[in-house]
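A.B. asks: Chain residues, written in single-letter form:
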Amino acid sequence: MKGVILSVRNLKVSRGGVPVLDIPGFEIRTGEFLSLIGPNGTGKSTLLLGLAGLIRKDRGEIGFHGKPVENGARLLDYRRRLAMVFQEPLLFDATVYENVASGLRIRGMARSSMRPVIEENLALFDVAHLSSRSARKISGGEAQRTSLARAFATNPELILLDEPFASLDPPTKEAIVQDLGHAMRIRGTTAVMATHDRMDALRLSDRIAVMDGGGIAQIGTPAEVMNQPVSEAVAAFVGVETILKGRVRSSAGGALQVEVGSREIFCAGTCEQGKEVLCFIRPEHVTIYPEGSRPDSSARNVLSGTIRSVQPIGMLYRVSIDCGFSLNAHVTGQSVDDLGLLPGKGVTAVFKATAVHVIRKPGA
Amino acid sequence: MELILEGIRKAIWLLFTFDPEVLGITWLSLKVSGLATFFSLFIGISLGTVVALARFPGRRLVVSLINTGMGVPPVVVGLFVTIFLWRNGPLGFFELLYTPTAIILAQAVIATPIVAGISLASIQKLPEALRLQILALGATRIQMVRMLIREARLPLLAAVMAGFGGVISEVGASIMVGGNIKGYTRVLTTATVMETGKGNFDIAIALGVILLIFTFCINAILTGIQQRERPR
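Quick mapping for you: the protein sequence lines, in order, are chains A and B.
So the first sequence is residues 11 to 374, counted in my numbering.
So the second sequence is residues 197 to 428, counted in my numbering.
A hint or two may mislead.
Unchecked claim - SDA-like cross-link-like pairs, simulated, lysine to any residue; straight-line CA separation at most 25 angstroms:
id: 1; chain 1: A; residue 1: 67; chain 2: B; residue 2: 346
id: 2; chain 1: B; residue 1: 321; chain 2: A; residue 2: 146
id: 3; chain 1: A; residue 1: 183; chain 2: B; residue 2: 326
id: 4; chain 1: A; residue 1: 285; chain 2: A; residue 2: 340
id: 5; chain 1: A; residue 1: 371; chain 2: A; residue 2: 308
id: 6; chain 1: A; residue 1: 67; chain 2: B; residue 2: 254
id: 7; chain 1: B; residue 1: 321; chain 2: A; residue 2: 371
id: 8; chain 1: B; residue 1: 321; chain 2: B; residue 2: 346
id: 9; chain 1: A; residue 1: 147; chain 2: B; residue 2: 246
id: 10; chain 1: A; residue 1: 77; chain 2: B; residue 2: 255
id: 11; chain 1: A; residue 1: 147; chain 2: B; residue 2: 354
id: 12; chain 1: A; residue 1: 67; chain 2: A; residue 2: 81
id: 13; chain 1: A; residue 1: 67; chain 2: A; residue 2: 37
id: 14; chain 1: A; residue 1: 147; chain 2: B; residue 2: 337
Bear in mind the hints are in silico, worked out from the structure with no lab data behind them.
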């Protein structure tokens, strides 16, 4: 296992006397890609600025390779070992080449030594052909590529990415995400990325931290965070569309029977009988069959219900089913056509007991 | 109309015959206003940048003072510089009153708030995140300030133009602290005032036209640079 490159302990930041960040602690290992996800205003960008030593903290400690980052020369040395890319490319009024050179020039690198480094990084982000163009005359995607090339040119040990794809159109974003992933792999750079797009986080991250109210609500692997959210807020942000309040009716052998309104569902997990719980079900774990059919499946939860609505959501459709409680499923357009899914139609909704993540209801 | 045409003809004649007195006045005007602009750029850009980037109690008051300074009448500046340089004034021992240095000093005082105000606005207009981006690139504070000034160079050219335009055309302070002494402190504006007073309108127009030509040429050069570099 690789060593810890960055550690955060008791980091607190206020703005105008209002606390905006309160992080008890976390660590990042060398070569790891950590994404900070969460709605706007939850402190993702503030945490990144804190990690970069760019904002005044009330208290707390940032450690880099086990040594605390302090003000003065050590902070400058630390900053010269990291790079940061913002949502806006923030390029200088100079050529693309000069922009990529800027970080190296700041470090006092000789002009002759710079050239191969710059050319390598221009090529890495596919902007070599724009080298002599003014940064003011390139597209938004090209500008963000240049910004990434500028960041990677300094060969940072740690790169901080603050919503780097937020201003890009989908095809441009797709291409840049791929190139960034490639650059991360070949350089082995450690990264922390703030994003409100969980799909970006899922594609690139080794771990995901979900931020809520200036703190980290949950940190774990993408599978852990997506499938086992620790709270209602995390569940809602990571795309759990069905959140049910229920009471444990029976608990045996790692299986729970939970009473939800007038229905009962089977869940995997352990909890004392009679306890109030929250059940999280991801929409992609729900399968829809024609009404009355007996699906050839080992799934424990087979519920009849009526379709409330069918809404397009990009490539898929969200089908909301009333089966004593509201249950959402994501299906393809092909399924909508084949099954004739329309509001008012009766269907059978199926999901496995292991697809239900159960937590104790807060305060219960 | 005939008077104006005669004045323009006279200006051309004075310029192309290299009239030594006119050449001397013109050279002194350019030298004095050029040096005053140079000093005001040094002080004004530094002051504007510091006020734009720093956060300190009373900052708004300082910004208001700079903005007020941009509109201070030259005669008021001339009055205070005269008092300071007067034989019994705080700086009287330098014996600078009625010297070209006194005009440079007064003109620098006039131009500095203009340059500082435009610099402040130019630096403030840059995105806040750009400052963070430069620091995140590993820049020291001095490197950051240099890079920000470089980024604001186009609006700063406007500061140069405004500063130079403000001092080359000012007359009140130059007369008060320079005295319009022939061959020593006489500049284009003070000479124009004097010739007008004497009723020599043709020479006054000629001097005015020369002043306009030089002001236009210098501003045209600076505008050329500014427009060439203007981001599209």
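A.B. asks: Next step is simple, just say for each hint if it's right about the structure.
C.D. replies: Outcome of the hint check:
1. A:67 with B:346: 30 angstroms, violated
2. B:321 with A:146: 17 angstroms, holds
3. A:183 with B:326: 22 angstroms, holds
4. A:285 with A:340: 30 angstroms, violated
5. A:371 with A:308: 28 angstroms, violated
6. A:67 with B:254: Holds, at roughly 24 angstroms.
7. B:321 with A:371: 50 angstroms, violated
8. B:321 with B:346: At roughly 13 angstroms apart (the allowed maximum being 25 angstroms), residue 346 of chain B and residue 321 of chain B satisfy the hint.
9. A:147 with B:246: 31 angstroms, violated
10. A:77 with B:255: At roughly 37 angstroms apart (the allowed maximum being 25 angstroms), residue 255 of chain B and residue 77 of chain A break the hint.
11. A:147 with B:354: This hinted pair holds, its Cα atoms lying about 23 angstroms apart.
12. A:67 with A:81: Given pair residue 67 of chain A, residue 81 of chain A holds - Cα atoms ~11 angstroms apart, limit 25 angstroms.
13. A:67 with A:37: Within the cut-off at roughly 18 angstroms; holds.
14. A:147 with B:337: 29 angstroms, violated
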